[in-house]
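Place chain B on chain A using the hints.
There are 2 protein chains.
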Amino acid sequence: MKTDGLIKFARKAADKLPSGNISWFPPSQWLTGYSKDTLSSDMVAALIVTIMLIPQSLAYALLAGLPPQVGLYASILPLFAYAMFGTSRTLAVGPVAVVSLLTASTIGAIAEQGSAQYLEAAILLAFISGLFLLALGIFKLGFLANFLSHPVITGFINAAALIIATSQLKHILGIKVSGRGFYDLVTSIFSKLGDTNIITLLLGLGAAGFLVWARKHMKTALIARGASPMLANIVSKAGPLIAVFITVLLSAVFGLDQYGVRIVGKIPAGLPSLTLPSYNPDLWFSLIGPAILISIIGFMESISVAQTLAAKRRQRIVPDQELIGLGAANVVSSISGSYPVTGGFSRSVVNFDAGAETPAAGAFTAIGIAIAALLLTPLLYYLPVATLAAIIIVAVVSLIDFSTMGQTWRYSRADFFAMLATIIVTLLFGVENGVMTGVALSISIHLFNTSRPHVAIVGNVPGTEHFRNIHRHDVRTSPKVLSLRVDESLYFANARFLEDYIYDQVAKRPKLEHVILMCPAVNSIDASAFESIEEINRRLKDSGVKFSMSEIKGPVMDRLKRTEFFHHLTGKVYLSHYQAIREIDPDCLK
Amino acid sequence: MKTDGLIKFARKAADKLPSGNISWFPPSQWLTGYSKDTLSSDMVAALIVTIMLIPQSLAYALLAGLPPQVGLYASILPLFAYAMFGTSRTLAVGPVAVVSLLTASTIGAIAEQGSAQYLEAAILLAFISGLFLLALGIFKLGFLANFLSHPVITGFINAAALIIATSQLKHILGIKVSGRGFYDLVTSIFSKLGDTNIITLLLGLGAAGFLVWARKHMKTALIARGASPMLANIVSKAGPLIAVFITVLLSAVFGLDQYGVRIVGKIPAGLPSLTLPSYNPDLWFSLIGPAILISIIGFMESISVAQTLAAKRRQRIVPDQELIGLGAANVVSSISGSYPVTGGFSRSVVNFDAGAETPAAGAFTAIGIAIAALLLTPLLYYLPVATLAAIIIVAVVSLIDFSTMGQTWRYSRADFFAMLATIIVTLLFGVENGVMTGVALSISIHLFNTSRPHVAIVGNVPGTEHFRNIHRHDVRTSPKVLSLRVDESLYFANARFLEDYIYDQVAKRPKLEHVILMCPAVNSIDASAFESIEEINRRLKDSGVKFSMSEIKGPVMDRLKRTEFFHHLTGKVYLSHYQAIREIDPDCLK
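Protein chains in written order, with the numbering used here: chain A, 1 to 590; chain B, 1 to 590.
No false leads were mixed into what you were given.
Per the computed footprint, the stretches of chain B lying under chain A, defined by three or more beta-carbons under 8 Å from a beta-carbon of chain A, are:
| hint | stretch |
| --- | --- |
| 1 | 145–158 |
| 2 | 316–330 |
| 3 | 441–449 |
| 4 | 478–489 |
| 5 | 494–501 |
| 6 | 524–530 |
| 7 | 557–570 |
Listed next, the in silico SDA-like pairs over lysine to any residue satisfying Cα-Cα at most 25 Å (straight line):
| hint | chain 1 | residue 1 | chain 2 | residue 2 |
| --- | --- | --- | --- | --- |
| 8 | B | 553 | A | 449 |
| 9 | A | 546 | B | 313 |
| 10 | B | 572 | B | 544 |
Please keep in mind that the hints were generated in silico from the structure rather than gathered at the bench.
Heads up, the beta-carbon is just placed ideally off N, CA and C, and yes, glycines get one too.
Only chain A is shown next, with the shape it has when bound in the complex (with noise of 0.2 Å):
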């Protein structure tokens, strides 16, 4: 019954929304123009994204804390999800640091790394986080993504940024750390820095070198030496699959894990079999907060790149579609037995620049990506972790972001400060505390800011029907008469200003006789607010001052109407501010 009530609510309110219509079958958009030239832009732009997803996947698999396949299998089914209920052509599915250290923090507080528990949780809180997002879609509630503020996500992206480069070092340094929050890994890592592994150590730092380089400069030198720019193109993307081939033909040549290298090891080949999620009555309770939170973080990733990216082709996102897509791409990668997954920023700009034009180049991928698990899986036995780790530090580097910090600090202190908290908070207790702290501080801003509404005391222009603030502009008054513009909605945490606003001007003001509160800026007034109106007519009328309004909006004046306030008014409701004056007080006026 209350559920029912909650649901019809949550409907209506949808109702409201122009977020557009959710359709079954996304696809009959595209489908129906594919042509030959389609297909072979889809097909290069896949091959691309391929090469850059495979290590990816690996290292993602590994930020977390899950065998290197599961990376995989979160590549291949999702994909062809999202390809089938998103809207964006272009974004790229698949695992992400951000979602990767979301997964890491949750699962590792409930079950230990490596465990057949530490899986089954990642499976459950994959298959939740897709139903809240189905959920959120279904009813159009992607507004609720909102209440995260653009300074909590810029902080949380820059504190998560730093504890996944932190979480990494172990496996550039070849040691073995413990602690779970920021503070025990830095101080466990200095701790043990004198176990440094040499060779564990080059390896890393030889790859990190190298991908930044190629990151940076593959390209040109590429071009410069002769290639031809989309050759250029697709082996610049391969940066990481080239430190890969590399350092797993020096391990196995070199027998590095012999010298205490950290190797992968053998990962089992063959596609991904489906399985249920766990129904651990415990375990769903333990997830669904972590669950919400992932889902609206790599909702809000993703729906960013994919606007971004159709914006430039003038392409439309339906972000309630949107949000089907990724409960899709969730639900189907629990299904095959791997983690939460959302739209990757970088991925989803290579795979624009690289040409894709539907989203069958994701479903493309996904082959890729399936064609790798069959058959490559072999040859990384050998591959170090460390390669890995350099991977995923030179990804999530580059999330670091000082620029937008300093925009919010010269733009808002306060807004700055909600950032700041959340950075620090989320360092010190971890990820879901610091989001948490941030949203209460930004509602916290918004509220105060809201709280203290402008009002003016206005005054007529002389020879016009208009009104204005006495301070700015020269005005006629009346000494019976307070005329009041109040320019914001009234609600709770406005209202009771309000009212101790006119008690005092009232109370200075011994000849008064009338206030009237000039309305064309309220667009609501709630229920506290409206106690607050019914008060200040009350206790004026104790005074022996009238109350009157002026300019009431029509959406307000209905709700008024449904009360018994118009009996109570001692005033009147006047159309316009110059008829309440001319039928107050007309010498003022002359």
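Frame of chain A; chain B shown alone:
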């Protein structure tokens, strides 16, 4: 360092508030004009309030789970403190029902009723509550109390009154019940109904019936029998005292305690001795949350009645000074060995009606209670607890307010829902959870309502410089230009809505070259909304559309100028929308 920043932030914020100046010695405002007439008015009022307050003090101490004399102590020194630091001329400070319930529910969870720890915790609760109120007053943070919306307060008071009345039923029935929650209480009472002590029940019902009659009819009855209105007024306020007197007499003469009637027993005579509150850090820590809640709820009750009474005489209440007055009263209550106090509703109305003119009336009341504490306590030995329970029940039942609930239902379903949730959660999960739920819901409802601002596509009204909604007016538009007016300040919860709206409109209009955002109703743009505006500019640029803005308000403009935004802006900023259209597409105006 961090705290410093916070304090500076708070002070800066406080400076923007209009809450009047805080004075360190408010009595200077009324002491100068103090005359013999004022003195006699104040003394008559003090007499009436004292008569009312003696039984109330004992009863509310019972409700709070404290020995009866503690209620008297709460009605002596705190009244002097408020008279020194408060701004209301007629507020009657002392123990009140809702704060007593909150005290009982807070301390009941920590210590056993009747133990030394229980009293120690109650004393510390008053101390922390006093410090918190003082801090709010000094830093002018009284506006924080506004976040308790009207529906939440109404819901909370209704639920609290129900809990209080139910909690006293055991004293009327003369049974012992266990269980702390409302549900446990009700089931426990039902299961023990068979143990009812008939004499106690008769006493309790008799007292309650008499009190209801006295409240409604005694004054008219006395006047009808020839009493002077003045005397009738005093005697009618003495209803509870008369009930106490008669039941003490019955109880003492017939030795009712021999028949199982619970009596108050020995009350130590004398004035409170001064003590310092506990400095047990664990106790401090566990009481801070409840102390904040008690302070805010007490403040809301107090300021509401203070303002109502002040308005009747066009006097001024300074909310921040009230915080200091109540804070001082609580600190003093603690030091004199008692529990949290605030301004009581019915007692203040009585004080006002009885003709109190200055806070000196409160000081005289305190003297009256001090005399009672010295002389009357031995007489109260035989006082049946059932009499006090009847006094409490009759007092709180009048707090239950169905008419406001009905009005809220008619006015706003969402606000009614918040109220209902507050009531249900308060009854089922206790007062703190109830209030928290209500506050969270109020904030969510507000954010939800403002997360979809009204955006209108506007066109030129022919022959004028005005631009109006294309759906409501016969206006001219250009296929090259999209003119949008947004009717709300932009912040994180609605910024993406605007983004989505614009991308949607642009995707629909292949010929579009310009988007102009008209901002006459945008009072502020927070950092998130600013990022959205930048993003809109960037993405429209990618789509080959120029983005301009018009009619930006001064403060918003100042803030935008602090950033690089105007360097990136693809279009221009126009003072008026008419100017914009005249420059971009003058043909459309012809």
